Structure formats: C-alpha cells, structure tokens
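Taking the hints into account, I'd like the entire structure generated from these sequences.
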Amino acid sequence: MRKRIQSLHRIQASPSILINSIFIVVLLGILSYSALFSADRNNYPIPSSIETLKKGKEISWGLSRSFSELMRGRIDSARMYNEHGPRIFLFFLVQVFMRLFFLFLVLRNHYGMTWVYLDAGTSIVLFVIAFWPFICRFKEVVVSVF
Amino acid sequence: MQEQNTNAGQGLGIAGLVLGVLAIPLGLIPCTFFIALVFGAVGIVLSAIALSQANRGKGPRGLIIAALVCSILGFSFAFFWGITLKKASPVIKSVIQEIKQEGNLEEVFKDLGNNTEEILKDLEIEEQDSIQETNQDMEEKERALEDSLRVLEGVK
Chain A
1 MRKRIQSLHR
11 IQASPSILIN
21 SIFIVVLLGI
31 LSYSALFSAD
41 RNNYPIPSSI
51 ETLKKGKEIS
61 WGLSRSFSEL
71 MRGRIDSARM
81 YNEHGPRIFL
91 FFLVQVFMRL
101 FFLFLVLRNH
111 YGMTWVYLDA
121 GTSIVLFVIA
131 FWPFICRFKE
141 VVVSVF
Chain B
1 MQEQNTNAGQ
11 GLGIAGLVLG
21 VLAIPLGLIP
31 CTFFIALVFG
41 AVGIVLSAIA
51 LSQANRGKGP
61 RGLIIAALVC
71 SILGFSFAFF
81 WGITLKKASP
91 VIKSVIQEIK
101 QEGNLEEVFK
111 DLGNNTEEIL
121 KDLEIEEQDS
131 IQETNQDMEE
141 KERALEDSLR
151 VLEGVK
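Chains as they are written, first to last, in this note's numbering: chain A, 1 to 146; chain B, 1 to 156.
Here chain A is said to cover these stretches of chain B; the calculated rule only asks that three of the stretch's residues, wherever they fall, bring their Cβ under 8 Å from a Cβ of chain A:
no. : stretch
1   : 17-27
2   : 76-83
Computed spacing ranges between beta-carbons, pair by pair:
no. : chain 1 : residue 1 : chain 2 : residue 2 : range
3   : A       : Lys57     : B       : Thr6      : 45 to 55 Å
4   : B       : Ile65     : A       : Asp40     : 43 to 53 Å
5   : B       : Asn7      : A       : Lys57     : 46 to 56 Å
6   : A       : Arg87     : B       : Gly62     : 28 to 38 Å
7   : A       : Leu107    : B       : Gly11     : 14 to 24 Å
8   : B       : Thr6      : A       : Leu100    : 23 to 33 Å
9   : A       : Glu140    : B       : Ala48     : 31 to 41 Å
10  : A       : Asp40     : B       : Gly62     : 41 to 51 Å
11  : A       : Arg79     : B       : Asn7      : 38 to 48 Å
The hints are simulated quantities; they were obtained by calculation from the structure and are not laboratory data. Predicted model, so just to flag it, every value in this text is computed and none were measured. Even for Gly, the Cβ is constructed at its ideal location relative to N, Cα and C.
Have a look at this one:
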C-alpha cells in the first residue's frame, strides 16, 4: 500500500511520466480509431470540417481512410487514398515507441536534461519531415489569401 | 536567491502542453482545424492560468512557457485555416447558387413532364378551333362571292 502511494506521488511529481503516458494513450487512441473504422464501410464518426464546405479536394483528403488501410497492412491502397498518409502514420507509430522508450528512461531515473533536449529535438525534426507537404500547403494557402 | 521547490501551476501547465502539442498537427491538417482551434484556445487559457499560479507560487515556468508557445502555434495554424475558409466563402456561395439554380431547372422540367399531355391536348383543341373558324370564314366568303355573282348575272 505504501509503495503504491509512493509511486502515485512519483507520477504526480514527475511531469515527464504524466506527459509521456497521456501521449501514449492519445497515440494508441488514434491507431485504434483507424483500426476500428474502415475505409470500405466509410463509417467514421468524426466528419471532415473543411471538405464539406470547400469546393474540391484538400491535401488531407482520405487521411483517415489511408490510416485504416495501413492498420490493415494495405500500403498501396493507403497511398491511393492519401499519398502523404503513410509518412504521417509512420510518424505516429515512431512517436508511440519514442514515448514508451522515454517513459522507460524516466521510470529508471535515467531521464536528464540531455534526454529532454534529445526527445524534443528528434520529435520536432520528425514532425517537420512527416508534415512537410502540409506545411508547404499551409504556406501556399496563407500566401494566396493575404 | 529564491528556491523553486513548489509545484504551483504544474498540473494546468501539463494539460496546456498536451493540448498545445496536439493542436499543432491538428491545426496543420485542414480537416481537423476546428478541433485544433478548440484545443489551442483551451491550451492558451490553461497555460496563462498556470503561468500566473507559477509566478505567485514561485514554481518552475519552463514547461508552462513551452505549453503556451505550443498552444499559440496550434491555435494560429487553425485560425489561419479558419480565415482561409471564410475567404473562400464566395466559392461556397456560388456553389449554393448553382445548386439552387439547378434545383429550379429541375422543378421546371418536372412540371413540364407532368403537364406535357395536358399542354398537347390544349394545343390540339386550339388548332381544331382555329381550323373550324377558318373553314367558316371561307364558307362565308364563298357565299358572299356567289351572291355577288348572282347579282351581277341579274344585272346583265
């Protein structure tokens, strides 16, 4: 009982444990959402907010369906739904393993400031690589509007 | 020297950081900009409260500042997508107008389809009436000519 209380206090005291745990839950939630709903049935509960209002396809068109196909191991089909789907899916997958790894380090008391900077730097670089087409599209849209 | 050994604002700071970090990719994806807008806004509010708590309680501020930066970034991405959508509203209006116009045309065609037989019958009746009228006129003119011929023959 005392050990349990101590471990709870430790979780509360260390933001790293809490942040990594929350991100693991969120990322697993995204993956399970993709696994639960399929592209064949097209039964996604969250509707696209922009595509219903804007004329034509947007860069994120078919991203959920692409994720679902990737969860089922159909890479070619996933690329057909959204060509950028696989790289974003890979980013999320890598993030799950990174969060698990850094959580392991925190629990082992090996998580110093060097690891924090390494974690943040690697995540930012991977994010930019994975979301590069979206960043370019965003830039295009902002330039065209203003 | 003041020691920073309190946890003031840490809980809200963590919540703000999670929301802010989630708001960044969601804000870049056009389909999910609305979720990012909400996450970013809530993240900014939570981070601001956490920052004021940390300032009062002399707690660490690094995480809270990171949360505030992430939330502002995510919110800005989503906000720009929102503006784009608003600017694109003439396109939406034109689409709605097109749909409305097509709807009117369809209605006209439907009405025409339902009343075609009636319209044809009316046209046939009108034609028959006009033919009858012309026939009557011709008969009257023939009679008038015959009468005038008889009168002329009688004069002779």
